[in-house]
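Enquirer: Go by the hints and put chains B, C, D, E and F onto chain A.
6 protein chains.
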Amino acid sequence: MSIHRLHKRAAQALRPVSFELDWLRYAEGSVLVTQGETKVMCAVSIEDDVPGFLKDKGQGWLTAEYGMLPQATHTRTKRESQSIKPSGRTQEIQRLIGRSLRAVTDLHALGSRTVRIDCDVLQADGGTRCASITGAWLALSLAMSRLCQQGELTANPLRDHVAAVSVGIVEGAPLLDLDYSEDSNCETDMNVVMTGSGGFVEIQGTAEGAAFSRQELDTLLALAQQGITQLMDAQKRVLAKQ
Amino acid sequence: MSIHRLHKRAAQALRPVSFELDWLRYAEGSVLVTQGETKVMCAVSIEDDVPGFLKDKGQGWLTAEYGMLPQATHTRTKRESQSIKPSGRTQEIQRLIGRSLRAVTDLHALGSRTVRIDCDVLQADGGTRCASITGAWLALSLAMSRLCQQGELTANPLRDHVAAVSVGIVEGAPLLDLDYSEDSNCETDMNVVMTGSGGFVEIQGTAEGAAFSRQELDTLLALAQQGITQLMDAQKRVLAKQ
Amino acid sequence: MSIHRLHKRAAQALRPVSFELDWLRYAEGSVLVTQGETKVMCAVSIEDDVPGFLKDKGQGWLTAEYGMLPQATHTRTKRESQSIKPSGRTQEIQRLIGRSLRAVTDLHALGSRTVRIDCDVLQADGGTRCASITGAWLALSLAMSRLCQQGELTANPLRDHVAAVSVGIVEGAPLLDLDYSEDSNCETDMNVVMTGSGGFVEIQGTAEGAAFSRQELDTLLALAQQGITQLMDAQKRVLAKQ
Amino acid sequence: MSIHRLHKRAAQALRPVSFELDWLRYAEGSVLVTQGETKVMCAVSIEDDVPGFLKDKGQGWLTAEYGMLPQATHTRTKRESQSIKPSGRTQEIQRLIGRSLRAVTDLHALGSRTVRIDCDVLQADGGTRCASITGAWLALSLAMSRLCQQGELTANPLRDHVAAVSVGIVEGAPLLDLDYSEDSNCETDMNVVMTGSGGFVEIQGTAEGAAFSRQELDTLLALAQQGITQLMDAQKRVLAKQ
Amino acid sequence: MSIHRLHKRAAQALRPVSFELDWLRYAEGSVLVTQGETKVMCAVSIEDDVPGFLKDKGQGWLTAEYGMLPQATHTRTKRESQSIKPSGRTQEIQRLIGRSLRAVTDLHALGSRTVRIDCDVLQADGGTRCASITGAWLALSLAMSRLCQQGELTANPLRDHVAAVSVGIVEGAPLLDLDYSEDSNCETDMNVVMTGSGGFVEIQGTAEGAAFSRQELDTLLALAQQGITQLMDAQKRVLAKQ
Amino acid sequence: MSIHRLHKRAAQALRPVSFELDWLRYAEGSVLVTQGETKVMCAVSIEDDVPGFLKDKGQGWLTAEYGMLPQATHTRTKRESQSIKPSGRTQEIQRLIGRSLRAVTDLHALGSRTVRIDCDVLQADGGTRCASITGAWLALSLAMSRLCQQGELTANPLRDHVAAVSVGIVEGAPLLDLDYSEDSNCETDMNVVMTGSGGFVEIQGTAEGAAFSRQELDTLLALAQQGITQLMDAQKRVLAKQ
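Residue numbers (the working numbering), protein chains in the order written: chain A, 1438 to 1679; chain B, 1438 to 1679; chain C, 1438 to 1679; chain D, 1438 to 1679; chain E, 1438 to 1679; chain F, 1438 to 1679.
Everything labelled a hint here was simulated from the structure, so no lab data went into it. Beta carbons are placed, not taken as given, at the ideal position from N, Cα and C, and that holds for glycine. Certain hints may be false.
[What the hints assert, rightly or not] Stretch-level coverage of chain C by chain D, calculated; a stretch enters the list once three of its residues show a Cβ under 8 Å from a Cβ in chain D:
#1 1632–1645
#2 1649–1660
[To be verified] Computed list of lysine-lysine pairs in BS3-like fashion (alpha-carbon distance at most 30 Å, straight line):
#3 A:Lys1494 <-> C:Lys1492
#4 D:Lys1492 <-> F:Lys1494
#5 C:Lys1494 <-> A:Lys1492
#6 A:Lys1492 <-> C:Lys1492
#7 D:Lys1445 <-> D:Lys1673
#8 F:Lys1445 <-> A:Lys1515
#9 F:Lys1494 <-> A:Lys1515
#10 B:Lys1673 <-> A:Lys1515
#11 B:Lys1515 <-> A:Lys1494
#12 C:Lys1494 <-> D:Lys1515
#13 C:Lys1515 <-> B:Lys1492
#14 E:Lys1494 <-> F:Lys1515
#15 E:Lys1492 <-> E:Lys1673
#16 B:Lys1492 <-> F:Lys1494
#17 E:Lys1515 <-> D:Lys1492
#18 E:Lys1494 <-> D:Lys1515
#19 E:Lys1515 <-> D:Lys1494
[What the hints assert, rightly or not] Simulated restraints, written as ranges between beta carbons of each label pair:
#20 B:Ser1650 <-> E:Thr1500: 55 to 61 Å
#21 E:Thr1500 <-> C:Gln1652: 41 to 47 Å
#22 C:His1545 <-> D:Thr1656: 26 to 32 Å
#23 E:Asp1485 <-> A:Gly1548: 34 to 40 Å
#24 C:Ser1582 <-> D:Thr1656: 35 to 41 Å
#25 E:Ser1455 <-> D:Thr1500: 31 to 37 Å
#26 C:Leu1443 <-> E:Thr1500: 57 to 63 Å
#27 C:Lys1445 <-> D:Gln1663: 41 to 47 Å
#28 A:Gly1489 <-> E:Asp1485: 41 to 47 Å
#29 B:His1441 <-> C:Leu1443: 19 to 25 Å
#30 A:Gly1635 <-> C:Leu1491: 55 to 61 Å
Only chain A is shown next, with the shape it has when bound in the complex:
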């Protein structure tokens, strides 16, 4: 249990987190999330249209895309635009982001609109999918408030906070908010997405090596819950400062 983390970080401590709101000029809402060395740009655009399967259903849609700049990683990653398809990993992540945000969005209150959230990783040091969710919520919140202020929406479709964090077991020790080197060496890796009211939206736990026990699961879930509470406090603080 005496694992040494970078910068003497405690096992149950988050990395420093900051949010720069409206970093982009043309998006309806945007946030540059920094969590340790991980940097993700989250941006929201809104279209006055819905996909075919929702035509005339009286509701909107919300979808997410995830990308990584080639030079975001320790070793340059091949640009996906030059292969035929987004990798399985990319698709998994963007589906996860979309589901997480839809879980706290009232699609009927959104009306016949499509919200597109782009999460682009400028620098990757672990936890990019979780930082994307936490940041995407902020960008969505900015965009929804604007639609309300402009009188385009009568009620804010965003019903609750959402944030996410990774937890894992590294050399037998349960750790909060893994960085890349920890993530590469963990025995168990878990991403947890929760709402402001304390419900789970998504739990994805994977044993990379040995299977994990029920007791380890309980420890990891408690750690995640604590980290997510802190992340939501940070979301509230930055919105309050506006």
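Expert: Same frame as chain A, now just chains B, C, D, E and F:
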């Protein structure tokens, strides 16, 4: 809590499960899994080679592919071979199957070989990814035993059982082994993969509508554990009969 | 002329053929064809719509797709879903199946419907395209009868039987219904598709090595005609048993 | 039986055929075939290498590609380069051309070389695949002679002539060498490829509407044989003039 | 300045240029351009429709495609239809051809029509993109005149000539109309497109090795202007002869 | 000639330009370029390998890629990773960036290394390809200096500055450094790339509407030269501050 399931099935009951071993002539091991109306063909082939990233590492590899026949579903599904890429869902599932089986396989004991497991859904009535994992384990077990009998392997690389089941909350009731209509209407959906020694390999829980509470999570995990125990008993019975 | 075939089969004998009707639950009609070690699943679905080029023409359409499970073959075949396009061979075969069935279907009597026939090879030991045609006819027959019974069609669009068989010259000997090892070694390979009234729908003869003479052609055509007559008898018997 | 053909052509007459040899400057051999209004450019290139599956087998390979310029057809055709794959039709035709030429080529005498034959249709008025085969033979003949003259080959790998023609039944009348309007309206369509010694390399007969009888088949084969003899005479004449 | 060009061509001389009008039967206008050993087929088709972005805008559209036959080049080029996408070079060229022709076409006078110009290189010896533009103008001119004669257009949308030529600096000497071997060795390469009234439509100058000076630029532009004037004279002569 | 530009900018004035060096942690050199509202991230990575066509040639290679984040533009742009190919525009731009930087890089001095420059547009308000070139030069300069300091290179392969700017004619007025709204409305658009010693690397001038005269060309080139001089001064200043 008084939900009515098809064929008067109890909330905590599995659907009838059966395995037909060596259904295919040319695979190293194959199983036709039937779980209720879901039918999946699992087949194992072995190549005397490893992918590039494992060359000269003294270990083997195991990978899985998942497919669905166009007419397996209530409404015919477009054949993936005619689109450009496997869908995100297909990729997610085949990565899950591969990770689950690798969790109980000693890749060093396998030597410089690649195991390919194909899980093809002939008929789909919910739970196809879990049935794929449970069946793939049996097909892998048949193939590994054969390699040992033929003297190609000195130790069986398969270290433990693996099986999987879906659980979920439908109209407030926790249910084991969802069929398609239950899966389409559930509030929370969870796939659980466990080893014979009771460890978790993978937990994927998703709130489709409202978030789920910690207590609901505990109930679902207990239900999954009970179902997986029964599935492993069935795996053992069919192997014993050989 | 003293070639030795597997199981002491005579040069002019078909392999054992059987049909399991309605093997799939959700298709409008389905048949599992077994011809020797070759197993093909044929399934029919019907959509209440026609492709763009037939809009408002007062007729329907019938099309076929053909696939092969990766583990169907002696050595595992790469899954087509992961390459960019169906191979030329796959496209040739599915066009052939479609043409053959359209030759005995009254597309006007079908109304504004599209019939999709999927032929998926579960196990391949030669003659898969011919078994697909013979089986597809049965699956189509089941589906068309059902539409008539349900009062959706007033006249059955299926005007005649269709069946197909391969013939070839192996080591100088003309053989009926080649299996995989015969097919791999034949000098001439011919697929013949005929109707119940004795007309030819398709003849595809290819010299793999030396060109074939007019006399050899005549012998092969007679052999094919005899085999097709037997296959149609089998089609009739299995339908009569229903 | 009194069908009227364009330019008062007789039912059993070919369209005017001409060959311009070495029309292209950089190919090893090239021919511009004109058959009625159909114009095909056939060109041969030779590489001092063989595909992977023939490495160290002591033989060469011959393969063909087929294309159609967008403005070759009555109505402009979409350029294939901008879709993802060659159509099924294109693949069928280029496989046919390749098989036909390989049937008269001694691949061992060719040595470790790959012959690539490109058949590009500049103008299409029916019979393009047959004209491609007839012209490709000439281009191949020019290229092989050159290799012999240059002392690179000791024996000419080309063992015999190959030519091809289409025949069909239009309004009940058997016709030789269909043009586009005849081909669009025929009941039965047959492409026949033969060698100089009178053997069949390929027969592809398709009933577009009603099935065809054995007697019709015999008539069509005789017609094809007569046309192919004339085409080979033309091949010989143009080579003799060189 | 004493560079030796093929056939004793002067530094400021064009290669011999000729145009065969209406070489293709089904296109609305077509020209086979020969410039030295470079041969390009330019063909125009017209559709009575416009792309989506121009619907109901009361104007037409003009677009171009460019291709190269595999055997057009010194060493055979891979057919683009078998790769996934047109190369960057192909796309650059077809965008250039389209822009150049649109610069002299009144799209409003064209009405709701789409002009498609295909430029297919049959033989490539340098300058194919410029020959494509010069020839495309002639093919377009033929097609537009026909539409006027048929009374479909009241005013000819073609307002001026367009022609193009390459210039470059090879071993320090400024040359007009580079052939392939000159183009491969030039220090600076420039394509210039001009109108009949002497305006520039496009200048694309690239230093392949050392950067070029302002004085070199002036020399090259003068050379290009002189060559383009000659090409337009040739365009006028061949139209006058009709 | 009295055109009104945003923020009262003069016709011959650049937008405010700034460079943030080493904005990314893992790249060998990186620069965030801001030019008005346009923001481009330029990053350099270096591999100890060369592409196949340069193996054993004793020289290195330099290549560039260009991308645009979906939310960089006024209206969200579809992510290229989800289409099959980079658009023609993207390919044109990345080829231009690569050529421009290669023009001032001694590839032999680079040794057997490949330099990859990624230019990713975070926000687009016109001039993104020119800002990419100007910024890429700085990122390359940082990376090359580091290789020299680390003793991996004995001589700096970077021989000169490179910078680029757009010029154009809007409502008859020649303007320097067009923003998006000016670029959308210009009659002539020209991108100019120059070296520190005053040579031209690339001139791409396009008449969007009417052709442009020789005199207009001269005016635009002078304007570009002045702007590029200022950009190089800025490059020098920011490097000097390090």
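Enquirer: Hints broken by the structure, by number, lowest first?
Expert: 8, 10, 15, 21, 28 and 29
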